[in-house]
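Novice: Read off the chains here:
There are 2 protein chains.
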Amino acid sequence: MPSDEFVVTPWHVEGEIDYEKLIKRFGTEKITPELLKKIVRITGEAHFMLRRGIFFSHRDLGRLLDDYEKGKKFFLYTGRGPSGHTHIGHLVPWVFARWLQEKFDTTLYFQLTDDEKFYAKQNLSMEQTKQFAYENALDFVALGFRPEKTKIIIDTQNIKTLYPLAAQVAKKINFSNTKAVFGFTGETNVGMIFYTSLQSAPCFIENRPVLIPLGVDQDPHFRITRDVAPKIGRPKPALIHNIMIPSLSGPGGKMSASEESGTIYTTDSPEAVKRKINKYAFSGGQPTADEHRRLGGNPDIDVPYQYLRIFFEPDDKKLRQIYDDYKSGRLLTGELKAILIEKVTEFLKSHQQKREKAKDRLEKFFFEDR
Amino acid sequence: MPSDEFVVTPWHVEGEIDYEKLIKRFGTEKITPELLKKIVRITGEAHFMLRRGIFFSHRDLGRLLDDYEKGKKFFLYTGRGPSGHTHIGHLVPWVFARWLQEKFDTTLYFQLTDDEKFYAKQNLSMEQTKQFAYENALDFVALGFRPEKTKIIIDTQNIKTLYPLAAQVAKKINFSNTKAVFGFTGETNVGMIFYTSLQSAPCFIENRPVLIPLGVDQDPHFRITRDVAPKIGRPKPALIHNIMIPSLSGPGGKMSASEESGTIYTTDSPEAVKRKINKYAFSGGQPTADEHRRLGGNPDIDVPYQYLRIFFEPDDKKLRQIYDDYKSGRLLTGELKAILIEKVTEFLKSHQQKREKAKDRLEKFFFEDR
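Here the protein sequences line up with chains G and D, keeping their order.
Sequential numbering from 4 applies to the first sequence in my numbering.
Sequential numbering from 4 applies to the second sequence in my numbering.
None of these hints come from the bench; they were simulated from the model.
There could be a bad hint or two in this list.
Pairs involving identical chains hold if they fit within one copy or between any two copies, as the list cannot separate such chains.
No farther apart than 27 Å at their CA atoms in a straight line, the calculated lysine-lysine pairs in the DSSO-like style are these [as the list claims (entries may be wrong)]:
1) Lys362 with Lys163
2) Lys282 with Lys73
3) Lys282 with Lys330
4) Lys163 with Lys152
5) Lys76 with Lys33
6) Lys124 with Lys163
7) Lys239 with Lys124
8) Lys152 with Lys33
Quantities reported herein were computed from a predicted structural model and do not represent experimental measurements.
Using the sequences provided together with the hints, build the complete structure.
Specialist: This is the structure:
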């Protein structure tokens with residue numbers, strides 16, 4: 004892979020992603036200032052993840068909002084492939100989904116694809132992916148969703164609802180389509196080949212349009228869904244994409260739940276958070292404090308700064324101050340890391356309490372097949 | 004296709020099938036006189052479909068019976084793809100399955116693959132295949148099964164049980180496997196590609212060996228299942244194959260539920276039966292009665308005779324008499340047809356009454372997901 008190249012698929016992200024290029028490659032649309040204004044007009048504000056381009060791209064969001072303004076409601080759908088414990092990068096689209104849910108007062112479906120991760124990972128059993136699905140669901144619920152409006156779908160548990168919907172989609176997708184979109188080969192197992200139609204299924208679970216906030220790596224699935232939708236007489240899903248969250252060890256990939264050292268889990272202790280950030284977090288600073296004070300750091304590639312930007316510092320003024328101070332060299336790498344450590348520790352302390360309480364409330368969130 | 008060639012796949016049967024050749028092509032085993040003797044030793048008799056080679060081939064039946072004699076019980080599984088109304092050809096493996104069930108006192112699962120036929124037939128909706136599944140189930144129940152030991156599985160209804168089993172299989176099958184076994188191409192829809200793993204699933208629904216009585220055209224599915232079974236730590240299913248039931252209009256294909264003129268449906272009136280047999284049944288007789296008396300007929304290609312052999316005349320002596328009389332020319336084509344018409348009419352009169360009663364009992368047979 005040449006150094007200026009990058010790979011973004013639902014199962015593999017590699018290289019330093021150029022999001023402008025990715026928009027062209029995927030054929031999505033950039034979130035323009037005009038679209039942002041429209042969102043503010045409807046919701047009263049632009050979430051900081053929108054202002055900062057964490058959500059940077061979309062498909063048909065403009066049309067969806069136009070329809071919404073004319074009285075046509077939509078519902079929300081997002082999800083997670085339970086291949087491991089939840090890490091803080093996973094929370095990005097979920098927190099944003101909650102904001103959307105509140106602003107548009109609508110149902111949200113959260114799909115946990117235990118089957119997908121079983122198909123995709125040679126060494127994972129279905130029992131393991133189910134267990135991870137349960138663990139991930141706790142983190143989701145801990146973010147403050149309300150069970151009346153929020154339903155968790157687990158593929159193997161809710162297959163009776165999903166399968167007939169998936170079948171409608173599956174009949175309209177052939178192997179060549181999956182080859183073109185996902186790069187599947189003769190060696191790909193038939194579970195994987197079928198699976199995309201199950202990720203499409205929740206798009207059609209209610210008989211109205213859907214908006215899907217999601218990591219941009221998941222876009223290929225819904226490119227297929229959008230092709231199929233008119234063929235089965237259903238509206239095309241609208242999408243809003245977030246960037247890939249860098250791993251602690253730096254840009255060039257998304258944070259992966261299976262790479263212990265580069266990952267902060269939602270269940271990490273304050274000590275683990277401190278140790279991981281201090282030891283592994285990729286820095287945009289200079290080799291020595293003196294040099295740093297003289298030359299300044301580079302917040303644009305600095306992972307602690309990026310984590311503040313993406314998730315942990317919603318206040319634009321404070322973030323700007325940190326940016327300027329780090330760039331000018333006033334703020335040292337250790338100091339910047341200390342800011343992040345405090346923010347993460349504070350967040351996780353509260354999150355872990357809510358996560359514990361979620362254990363008793365989880366049942367209320369599970370979608371029930373009819 | 005050269006005239007000596009034939010095609011046998013789960014979705015397409017064409018040409019005059021040479022069953023000796025088919026055994027070699029599929030790599031199955033012939034039911035030998037020794038194996039027949041073993042069956043008689045265990046069950047006390049050989050069903051006429053065994054004696055006459057209607058069930059002609061198997062995989063691992065010898066081993067299964069050896070194990071049975073050592074005390075290792077098995078269960079039974081067969082099924083039907085609900086692409087249309089039930090015709091009399093469908094009843095062949097079901098009647099035989101009932102005999103096996105009684106002789107071996109075991110559970111029987113009957114799978115109705117509404118999803119498969121939806122995937123395979125461009126013009127069938129899932130509502131239609133579901134409706135046919137219900138219709139077909141009535142015919143199945145009418146054959147005298149007991150609900151305590153007999154469970155009907157409908158794919159879309161029982162997917163919660165089937166899918167996790169299918170997923171274990173699906174992970175071990177790749178696209179190239181399905182290409183080699185079924186001749187799938189890039190144009191094949193992903194539902195079809197995945198489907199074979201759902202036909203495998205009931206093989207693993209109980210934790211003991213299974214015997215599957217089935218039309219030989221379904222063998223390719225279980226060739227895959229048998230390859231996969233040891234990889235997921237389960238016993239290979241044993242199979243016993245029946246020949247394809249010829250359509251009324253003659254050898255060179257199996258009776259098809261979608262070809263009205265060549266098909267006697269279980270719901271046909273006595274008039275329809277008479278008309279269809281007289282009008283369409285392919286005859287092995289001579290052009291005129293005089294010639295027939297002089298030269299004799301050919302029962303081996305005569306469809307009315309074959310129907311008697313396959314299903315409607317269990318008495319070997321009576322069948323032999325008909326054979327000899329037709330061959331010698333004593334029995335005319337019209338007379339042979341009249342014998343069949345009487346047998347079919349008699350059978351259907353009783354069957355249709357039982358089928359009507361089955362409507363109230365059907366619920367008892369439906370498999371319940373846990």
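Novice: State for each hint whether it applies.
Specialist: Consistency of the hints with the structure:
1. For a Cα distance limit of 27 Å, the shortest separation of lysine 362 from lysine 163 qualifies both inside one copy, at 25 Å, and across copies, at 24 Å.
2. Neither within a single protomer nor between protomers do lysine 282 and lysine 73 lie at most 27 Å apart by alpha-carbon distance, with minima of 52 Å and 64 Å respectively.
3. Taking identical chains as interchangeable, the C-alpha atoms of lysine 282 and lysine 330 lie at most 27 Å apart only when both belong to the same chain, with a minimum of 21 Å there against 93 Å between chains.
4. For the homomeric pair lysine 163 and lysine 152, the shortest alpha-carbon distances inside one copy (21 Å) and between copies (25 Å) are both at most 27 Å.
5. Taking identical chains as interchangeable, the C-alpha atoms of lysine 76 and lysine 33 lie at most 27 Å apart only when both belong to the same chain, with a minimum of 23 Å there against 64 Å between chains.
6. With identical chains, the CA atoms of lysine 124 and lysine 163 are at most 27 Å apart both within one copy (24 Å) and between copies (22 Å).
7. Proximity of lysine 239 to lysine 124 under the C-alpha cut-off of 27 Å is restricted to the inter-copy arrangement: shortest distance 25 Å between copies versus 30 Å within a copy.
8. Taking the shortest alpha-carbon separations for lysine 152 and lysine 33, neither the intra-copy value of 29 Å nor the inter-copy value of 61 Å comes in at or below 27 Å.
Violation of the numbered hints given earlier is confined to hints 2, 8; the remaining hints are satisfied by the structure.
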